[in-house]
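J.: Protein chains in written order, with the numbering used here: chain A, 372 to 688; chain B, 372 to 688.
Misleading hints may appear alongside valid ones.
Which copy is meant is left open, so a pair is good if it fits within one copy or across any two.
[Said to hold, decoys possible] The calculated lysine-lysine pairs, modelled on BS3-like cross-linking and capped at a C-alpha distance of 30 Å, are:
#: 1; residue 1: Lys421; residue 2: Lys531
#: 2; residue 1: Lys421; residue 2: Lys551
#: 3; residue 1: Lys493; residue 2: Lys636
#: 4; residue 1: Lys493; residue 2: Lys446
#: 5; residue 1: Lys450; residue 2: Lys502
Simulated from the structure, these hints should not be mistaken for laboratory data.
Because the structure is a prediction, the values reported are computed rather than measured.
Protein chains: 2
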Amino acid sequence: SVSCRMEAVRNRLAECSQEAHDLYLNQSVPYLDGPPEPLQFHRDWIAPNKPCIIRNAFSHWPALAKWSPDYLRYKVGSKVISVAVTPNGYADAVNGDRFVMPEERQMSFSSVLDIIEGKVDKGGGVFYVQKQCSNLLQELPELTADVQPHIAWMSTALGKLPDAVNFWLGEANAITSMHKDHYENLYCVVSGEKHFVLMPPTDRPFIPYGLFQPAVYHQRDDGEFEVIDQSDSEMVPWIPLDPLNPDLERFPQYRRARPLHCSVKAGEMLYLPSLWFHHVQQSHGCIAVNFWYDMDYDIKYNYFQLLEALCEVTRST
Amino acid sequence: SVSCRMEAVRNRLAECSQEAHDLYLNQSVPYLDGPPEPLQFHRDWIAPNKPCIIRNAFSHWPALAKWSPDYLRYKVGSKVISVAVTPNGYADAVNGDRFVMPEERQMSFSSVLDIIEGKVDKGGGVFYVQKQCSNLLQELPELTADVQPHIAWMSTALGKLPDAVNFWLGEANAITSMHKDHYENLYCVVSGEKHFVLMPPTDRPFIPYGLFQPAVYHQRDDGEFEVIDQSDSEMVPWIPLDPLNPDLERFPQYRRARPLHCSVKAGEMLYLPSLWFHHVQQSHGCIAVNFWYDMDYDIKYNYFQLLEALCEVTRST
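Pulled out of the complex, with its shape left as it was, chain A reads as follows (with noise of 0.2 Å):
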């Protein structure tokens, strides 16, 4: 019958990522022990859309020994960022029938290290330097020679500079919601530590979208945080699931996805492959940098597109 048919389908879809995960992805995200060449890098993890973690990647990069606080002040103390600020940590993210986007604050980078350091009040809200925009470049220009503008050996393979490279900077319970982007991601972490939820694309059966009425969060003078609706804007299509803390009774299909977890450490590198679904954590005051690569909008993609697709179509409720 057709409605049997339409539940082979359902099946189908789920035994895609089973398969994925019996041929060729890993238990566990996997080291490298240096800098790869470049083919043998395309052929071993963007091609076939594999993260891993490179060690020894970055270990002459200055900011390595030289990203104190203090030197941070020194460097850039005047300089004005912009920062994510909200109530709970959750920038951009699902908070009830809403996608709350953070407040975004222009503030000296000094004031920014002195409510990390705990050294003022900051009156009740969670900070988060993660503005993608290449703000690195772009708001920060100072610091651009204790790093690389591009990782050279990703360069090559992809035969294309990063779009973008951002600057990373946050407290413990700055939180980044499951999504995914559209670049391969190449994430180094420069002091602290990052945690990772990772899920291939193939997982995509088993995590839940909605639409979402997009707001942001909006502080007000008596400290308290408000949500404002931005009434003019489009639905946004995003993932109300918590990984660290699923709700299996209202998204019971996410019990057959297979997360992997992975910790970042100072002088590592994530490879973060494109349209891989990741939620991200850190240590308090971590610092990161990462280049964003446009991918490439090839065959991968194109199935990817029809396997979305196909979720949509098939979904029981």
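Since chain A is already given, all that's left is putting chain B on it; use the hints.
T.: Coordinates of chain B only, in the frame set by chain A:
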């Protein structure tokens, strides 16, 4: 309704093909002017799974100048090789309700040349040296010094050696019916020319498959061919459609396929990507050598398996 959604699944499979053409495929098979760098070839052609024709990639092969019938008679004339013999030129193809394989005949190379040159009455069959078991290295080792045991830049790109190097020599009416292989294929035309019909894996929804009783041709002493069932063998899935003369009443979906046609001339090399459907014809006496590199069973294979299974599940007949 469920039945509407089933139709939506079917439409989405077709859209995937359309998107592939819009997104990353070419309208015709592009040419490269010389042997590529391994990384560039991996990035531009292997990873995105796109065919191309490479010129001047084996200009230094002695075979190009040497492999005349006289030279071949002198070098390997007395060697016994496997030849596929059929009544109609179709080896490994659907004939009525059967999948019919050729009679595999052991013959001296000289007698094959006699037939192709029209020097003897061949007694009604069509002859094709097409045994795909690394027959160049296995059956004709005397010829290997005239070519190469592998293609250096491809072996470097893939990080492995070919699984097989095959020698092809056949009559004008010897045809390879539409199928796909799990190999990255480099097809080098030494003399004459080969005509390919190519379709990407994403055209799978438009390509009909059936299950057929396997059988083999056998030429009787009176010269007539009979078809002998291989009753003990399992049914074979194959494509009953002839892309040169498609039966669109029987296979209406094929109207939506977008085959690429290309001719590969002496001195040219076709990169035929893994899982691309292909149908092959040739000029009379065309000689070719091809290299089969096992494909990587990674995310692309995984996605194709899904596509293939969904085509089966959603078949309307």
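J.: Between the shortest in-copy and the shortest cross-copy C-alpha distance, which are at most 30 Å for Lys493 and Lys636: within, between, both, or neither?
T.: within (27 Å within a copy, 73 Å between copies)
J.: From the Cα coordinates, with 30 Å as the cut-off, is the pair Lys450 and Lys502 best called within, between, both, or neither?
T.: For Lys450 and Lys502, only the intra-copy Cα distance (15 Å) is at most 30 Å; the inter-copy one is 71 Å.
J.: Have a look at Lys493 and Lys446 and pick one of within, between, both or neither, based on CA distance no larger than 30 Å.
T.: within (23 Å within a copy, 87 Å between copies)
J.: At 30 Å max between alpha carbons, let me know whether Lys421 reaches Lys551 within a copy, between copies, both or neither.
T.: Intra 14 Å, inter 26 Å, cutoff 30 Å: intra and inter.
J.: Treating 30 Å as the Cα threshold, decide for Lys421 and Lys531: within, between, both or neither.
T.: both (20 Å within a copy, 20 Å between copies)
Taken one by one, the earlier hints all hold for this structure without exception.
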